[in-house]
Structures are given as C-alpha cells and as structure tokens.
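Peer 1: Given the structure of chain H, go ahead and fit chain C onto it with the hints provided.
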Amino acid sequence: MIDDPLAVALSDVAALGTDRDRDQIAAVRDRLASARLRVLVAGEAIRTPRSMTW
Amino acid sequence: MTERGNPANRRGVASVTVYVDAPVLADGVELVDTPGTGSVFAWDTEAAHDALESMDAAVFVLTADPPVSASERDLLRRVAGLSVTTFVVLNKADHLDEGGLAEAVGFTQRVLSEVPGHADRAGASGAVYPMSARAALTPAGDPGFAVFAADFAAYLKTSRLSDLRLSAAAQARRIAMSLQDEVALTRRAAQMRAGDAATRVEEFGARLAEVAVHSRDAVAVVNAESGRLLFALNDAADQAVRRLRDDAGRQLDELSGGELRTAPPADIERKGHERLAVSVLDAVSAWRDERREQIEQGLARVDARLAGDLKAELDVLRGSAAELLDLDLSLPEPGGRLTEDRAFFFSAGEDAGQTELLAGAIRRSLPGGIGRRRAWAYLRRAAADLVGSQVGRARADLQYRLAEATRVLVRVVEQRYTDGTERMSAALRAAADLRQESDTEAGRKETALAEREGALRRVLSLLDQEGACPPRRAPG
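Chains as they are written, first to last, in the working numbering: chain H, 1 to 54; chain C, 1001 to 1476.
These aren't lab readings, by the way, just hints derived from the structure by calculation. Warning: the hint list may mix true and false statements.
As the list claims (entries may be wrong) - From chain C, some residues computed to sit far from chain H (all C-beta separations above 10 Å):
1. Y1019
2. S1054
3. G1099
4. L1161
5. A1168
6. A1176
7. E1203
8. T1262
9. R1318
10. L1456
11. R1458
12. Q1465
13. E1466
What the hints assert, rightly or not - The calculated lysine to any residue pairs, modelled on SDA-like cross-linking and capped at a C-alpha distance of 20 Å, are:
14. C:K1445 <-> H:T18
15. C:K1157 <-> H:T18
16. C:K1157 <-> H:G17
17. C:K1445 <-> H:A33
18. C:K1445 <-> H:A15
19. C:K1157 <-> H:R36
20. C:K1157 <-> H:L16
21. C:K1157 <-> H:R31
22. C:K1157 <-> H:R20
23. C:K1311 <-> C:M1177
24. C:K1157 <-> H:A15
25. C:K1445 <-> H:R36
Just so you know, even glycine gets a beta-carbon here, dropped at the ideal spot from N, CA and C.
Bound conformation, chain H alone (with noise of 0.2 Å):
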C-alpha cells in the first residue's frame, strides 16, 4: 500500500492542506479502506416515493 500512488498523494495532501483539507482526506481515506462508494441522489428526489425498493 505504500507504493501506491493514490496512497502517498493522499497522504502528502493531508500534509500540505489545512485542517479542512485533512478532514476532507480523511473521509475520503476511509471510503477507500472500507471499498464504499458514496451516491448521491440528487434533484427530483423528495418527490420521489421513499420506499422504493430494489
């Protein structure tokens, strides 16, 4: 994981940034550990029926 570019660039970043910045790594850091994508519903959505199920 240390080779990884993704890695020391986010790393470096985080080193460089604000306190802002880090948290924004941070966050960003934890989807990657944990393989989570994060979607985001947008636009129409309140008017959409809520228990759509898939």
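Peer 2: Relative to the frame of chain H, chain C by itself:
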C-alpha cells in the same frame, strides 16, 4: 425520523443511518438522499452540507414533465462536475405520451451535452433513464426502472472500486490545485514588492476585496427574494381560505341535497365531518405542495443565479491574475452544498371543548328536520373553521420552513464566497508579511514556499498517474 416523533429536531439528531437488506447495497455503496438546494425541507447540519463535496458518483433525478428548469440545469452542472459518474433519471415518464417522452429525453440529452467535461466522454451517448418511480412500486413494476436498476447494479459491480479511486484522486486534485494557487500567488505577490509591480498586486487585492463585498450583496439578494416569497405565500393563503371555504360549502350542499338528505342528525354530523375532513385535508395538502414548490423554485433560482455570479467573478479574478500578476491560477469553483430533509404532517382530529361536547350531544338527539338543520349549520361552521385552521397550519409551517431555508441559503452563499476566495486572501496576507521580513528571513521563507510548490507538483503528478480525469456520464 419524523416531525411528529422529533419536532423541530428537539433531540438534536444530526444523521440517521438506515441498514437495509438490499442486494445493491451489499457490495459497499452508500446512497445519500438530498432534497435539492432550494428545498424548504433543508435542515442545517455540517454533515449534510458536505454531501456535494464528499460524493463519488451521483444519480440525478429530473421529471419528464415539466422539463429541466434553469436551476436544475445549474445543479446538474455542479453535481456532474464533481461526481466521477452521473446517472440521469427522468421520472414521471408515464405523465407523457410516446412523442412527448421522446421530446423530453431529447431535451434532457441536449442539456447534458452542454455540461462541461461530459460531451466528449466515453459512454456520453446521452444515457437518460426515463421511468415511473410510482409504477416501479406496483406489483407490475416499471420497465424503465428495471433498466436503470440493472445498469446501476452492473456499474457497481464493474466500476465501483475504480471509480472510488478516480473520485479520491479527483478530490485530492481539487485540494492540491487550490493549495498550489495559494503558494504561487504568495510567491509572486511577495516578489512584486516595488513600483509598478507593487501597484499591480494592490490592484489584484482590491479586485479580490470587491468579491467579498459582492458576498454581502448576494446575501441581500437572498433576503429580498425570501421577503417576496413570504409576501406571495401570505397572499396565496388568504385566497386559499376563501376558495376552499366556498368549495366546502358546495360539497355540503351536494351532500344535504343527496346522499344525506334524509339521514338522522348524528349521521349527518359524523359522515359529513368525515367527508369534509378528507376533502379539506386533500385540498390543503395540494395547496401546500403547490406553495412549497413555488418557494423551492424561487430559492433554487436565486441560489443558481448567485452560484453563476460567483463563477463569473472567479473567472474575472482568474483573468486579473493573468493580466496583473502573470499568474495562471486554477481557482476551482466551490462545490456548493446540499442538505437533508424533514417531514410534515397534518392533524385532522376535531378539537372539541367541553361546551361543544354537550351541545353536540343535544343537537344529535333533536328530532327530524330541526335536528338536521342544526347539524348542517354546525357542519358549515366546522367547515369554515377546518379550512381556516388547516390553511393556517400549513402557512405557519411554510413560513417557518422558508425562514429556515433562507437562513441556510444565506450561510451557503457566504460559505461559497469564502471557499472561493479564502486561499487567495490568505496568500496576499502571507505575501504582505513576507515583504516586511528581513532579507534573510524572507529568503528562508521563499525557499520553504518553493519546496512546498515542488511538493504540490509532485502530488499532482502522482494523481495524474491515477488518471484523475474529468467526470463522465453513466454508460448507457
């Protein structure tokens, strides 16, 4: 979580995580629902504000009828610009005939093709998913939804991990580019310390300060629009009370001349009240939805306009940096914010005091015509009261939500201006400090800044290896 169970968020709940046994969620995906920028369901939490900044992919839901509005187009542009992959769903497809739907799909595809960074991407053949979410909930299902669900599931299976890395790289790149702007501006402004060069730095600083002044103007625009919406809401509520009372009176006329013409007083009161409650609540609910939509559209329009104004100002500032300082800044557009939602409910129960309980018992036991006349008279008074109280409740709720949504929007607008300019302001302050330092100290700090700039270049080079590329639309 409902307004009934936790009114005005008294329990201070910031977020709720729902665990659902759904195959699509099993492999590591988090769906983040948002009501949209202008929503009066907005609630003010920082976590919700970060929704746009922290997303990887997006499902953008539009309605087939009416077509895409200007504010939706702006939101789509911002969402698609920040997500690695965007699925576009066209809901309420069942509201249109075949020709109308084809037109709506074509129109949406044209709008999508205008989103920067999307027109030339792989799979950008205009993937729009027309569907009826309502029909999808019926046993028969909806074929449009089935296509979308299959494509979305396939996307998660094949591209989830690669998109997660692309998104992580894109987010890191946005931060790194902002930091690079800051360092470059600090170094350049510190170097331009005398004569014409110093004047040009001052002029750039003045243009940056103008943007901060425009932030206050933008807040005034939000408050003015909110005031206009409040006036329109109150006016509409007065009209709604008159119209719905007339409607209720006509409904009672129909009942008294028809179905309940010979009914005993007790039945007239009970059945009449039941019918009234249903029809009045339906009518007030429809009125409330209509007004909510008017308010949301008004707030979304002003939000979109102000986001566009800031983008234009940042473009001008970028031009100023090139012209005055010979600097090529990236100045990424602030992402904007979206918030979570809350709920609302009506109460249709009779609020009977002791006097009415006694009077009702007497009225319902009166014989024949007298009892019926008294029952109908009572129902007419009750109808007027019900309309007045329910419209009043809905109006008060909307007033409260409008005030809350305005407060949130003001914060969003202020924060967006801060996000867009704070690093540049910090750079100019750092440069001014640097100019005051002794030559030795200034030289030492200049070396540190050069090293920092070099480190950021290396970071961006690493992110290039990851393929931090512009966003793309869902494969279709």
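Peer 1: Hint compliance check: list the failing hint numbers for this structure, sorted ascending.
Peer 2: Of the numbered hints given earlier, those the structure breaks are 2, 4, 5, 6, 10, 11, 12, 13, 15, 16, 17, 20, 22, 24, 25, listed in rising order.
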